[in-house]
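Chemist: So the protein sequences, as listed, match chains V and B. In terms of our numbering, the first sequence opens at residue 1 and continues consecutively. In terms of our numbering, the second sequence opens at residue 1 and continues consecutively.
Check the hints yourself; a few may be wrong.
Some residues of chain V that are not near chain B, with every Cβ distance over 10 Å (derived) [said to hold, decoys possible]: (1) D35; (2) I124; (3) S133; (4) V137; (5) N183; (6) E193.
Quick list of the computed label-pair ranges, beta carbon to beta carbon [as the list claims (entries may be wrong)]: (7) V:G186 - B:R218: 34 to 40 Å; (8) V:T136 - B:V140: 35 to 41 Å; (9) B:S234 - V:V137: 47 to 53 Å.
Simulated from the structure, these hints should not be mistaken for laboratory data. These numbers come from a predicted model, not from an experiment. Cβ coordinates follow ideal geometry from the N, Cα and C atoms, glycine included.
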Amino acid sequence: MAQVPRRWTELPHPNTLGVARPVDGAGVCPTLAMDAAHLLGWRMRPACGGVFEQQWRESDGRRGFPGNVEDGAGNKVEVSRLGFRLTPAAVAVWFAIDYSCSDIIEATGATTRPGSQSIESEAILRTRVAAGSASTVIDRVVFGGSLVPSVSTWVPYEGQRTLAMPVVTRAQAGPGDGPRLLNCEGYGGQDVELVFDVAHVQVLNVSAWELWTPEV
Amino acid sequence: MAVTIPATPTFPDAERFGSGLPVLGTATGAGWQNLGQAINYLNAYLGTFGPAIDQGWTSYAVSGINDGTDFRATPGGGSNNGAGSGNNNVYVRYRIPWLTDLHTDLDVACYMVARAGASSSPLAKDAGTFTARCVTSGGVSATQVVAHASASGDGWYQTSTPLALTEWSSGAGFAQVEIQLTHDAGLAAGDLISIESVCAEWAPLSALSVHIAANGSRYIPLDDGELDADAALSADLASYIRETLHALSERPRSLFQWSGIYGWAGNPGTDTSRRVADRFPRYVHLPMHPHGLLDRGDYELTAHVYGGDNTADRQIVIQHGNHPTGLSRGTDEIGSSQIPTGREIVNRATGPNQTVIAIPQDAGNPDWYTGTLQVPIESQSERSRVRGPYYSARVGFNVADFDRSAVAVADDPFAQSVSIWGR
């Protein structure tokens with residue numbers, strides 16, 4: 001049964017654990033076990049999956065993510081990647097990104113302005129292998145929409161879902177919202193890379209966490 | 001009798017420990033044994049996956065080019081990287097929190113790219129190396145060198161053996177890692193080599209013994225034999241579970257690793273291309289529920305800043321809050337009515353939610369400076385009872401909007417690396 005997890009501070013004081021006792025539901029040990037189960041089940045799993053972040057440096061007047069450069073014909077000439085390793089228990093990767101449409105300087109010298117572009121970008125989770133080897137696409141998801149006119153602020157986009165919860169997305173990304181969960185079941189323990197293939201936008205921040213197996 | 005680290009843990013339902021229930025050890029639906037093994041699993045894996053370091057850069061931000069004389073950092077406006085002819089050092093630096101005294105092996109990988117001049121095609125020759133090294137108070141203590149191979153071209157290159165980090169013994173509580181990019185002597189003028197992504201992960205523990213957390217608490221392996229069906233539960237066992245859970249709850253996570261250096265070689269005050277950009281927010285989404293912040297009182301952020309300035313004292317301000325401008329709740333992002341937040345970070349522009357890292361004038365000798373900040377988490381009425389890991393705070397630094405962000409603010413740009421972790 002789902003229960004709100006307890007705080008760590010509610011773990012029993014060590015001085016209360018001074019005697020051996022049967023598990024009868026009334027003692028400290030079962031209380032400890034329940035606390036532990038709550039904590040492990042509700043809190044530690046995502047924490048173990050960890051988080052990675054990504055930031056990009058400003059250089060030559062162009063901000064953002066590698067992969068935001070176009071060749072003038074709308075063709076993406078680069079993609080961007082973050083490497084990490086899945087835990088053995090991982091079944092999905094949740095990601096959130098912030099991106100901006102301001103101040104994009106394309107290869108032609110043209111500047112893309114907010115509100116003038118709709119975007120359709122793709123996040124691809126694939127195996128990370130040594131250079132020269134072919135990787136396997138694990139899952140991919142397309143996201144995008146019309147960017148809200150904004151020059152000085154950052155347009156957020158965040159897609160998120162968990163295994164048992166309804167889809168929640170950040171509103172400004174517009175149409176195409178949906179699960180932003182990359183399924184990685186069966187790839188636990190492997191080295192992977194999360195690749196963003198984006199057009200017309202600058203990705204400024206990326207965060208991701210992995211989700212573990214559902215609680216029993 | 002064995003200390004088992006399961007391939008994938010089974011988390012027992014708390015109701016298995018209800019009043020009057022039998023102690024199920026090995027049978028289907030086991031409670032205590034699953035519990036013990038899940039704790040062992042976290043003991044071995046917590047913080048080992050989920051990178052200690054993970055960063056990518058704008059193309060060629062961390063790169064060098066053979067201009068016929070020197071290996072010059074690009075795109076540094078023609079300046080070389082600071083040490084004159086033949087110098088070929090391009091660094092990025094990080095500090096990462098120690099997990100335990102047993103975690104010493106760090107797997108490091110870089111996505112390396114080599115180009116001939118302005119060509120977009122991979123360069124078909126050995127182009128250079130990246131060197132990952134651990135730097136301790138006594139100097140470089142471990143080094144791994146990985147070469148870019150012409151036959152393989154662009155792609156991920158990983159250390160063949162983990163980088164052995166040894167700083168724990170000094171009690172520093174963190175490891176310091178440097179990545180150096182070095183070009184190959186055979187590169188022609190105009191050839192370029194670049195690192196576009198770097199990631200590093202602690203290797204998980206394959207066997208458990210009693211080991212120590214950074215705060216001095218212990219991790220005690222749980223033996224299947226003590227968790228067997230109908231076995232009496234010893235006082236020791238209960239104490240071990242509690243102590244290990246406490247240690248796990250305090251294990252730090254690397255939240256934010258950023259190093260914006262190219263061509264960095266000693267004088268941050270005279271070459272603006274070598275400093276952390278200060279124009280836009282840099283942060284990480286910090287999940288608040290159910291992980292991380294929800295179930296405890298304060299959340300502690302520790303920030304390490306590498307930098308300095310020739311001419312003046314500087315400072316980095318660390319603050320926290322909900323969201324920067326443009327990410328205010330309700331209209332332009334996750335709506336509060338949709339998102340069960342549980343608890344939330346309290347916005348305060350000044351006071352105990354702010355700390356300042358002083359960076360003294362250093363005459364061209366940058367160094368690391370550290371500050372910590374307690375982030376108070378307060379209950380948020382009935383929404384705390386609704387599940388959903390969908391509310392994220394932010395941790396990072398941000399010049400323009402520091403009063404509302406969960407940020408550390410670089411109020412001057414003379415910093416080359418920022419590492420933040422939390423627990």
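Chemist: Now look at each hint and say whether the structure bears it out.
Modeler: Right, here's what the structure says about each hint:
{"no.": "1", "hint": "D35", "in the structure": "violated, 8 Å"}
{"no.": "2", "hint": "I124", "in the structure": "holds, 14 Å"}
{"no.": "3", "hint": "S133", "in the structure": "violated, 8 Å"}
{"no.": "4", "hint": "V137", "in the structure": "holds, 16 Å"}
{"no.": "5", "hint": "N183", "in the structure": "holds, 16 Å"}
{"no.": "6", "hint": "E193", "in the structure": "violated, 7 Å"}
{"no.": "7", "hint": "V:G186 - B:R218: 34 to 40 Å", "in the structure": "holds, 35 Å"}
{"no.": "8", "hint": "V:T136 - B:V140: 35 to 41 Å", "in the structure": "holds, 37 Å"}
{"no.": "9", "hint": "B:S234 - V:V137: 47 to 53 Å", "in the structure": "holds, 50 Å"}
Taken one by one, the earlier hints fail for this structure at numbers 1, 3 and 6, listed in ascending order.
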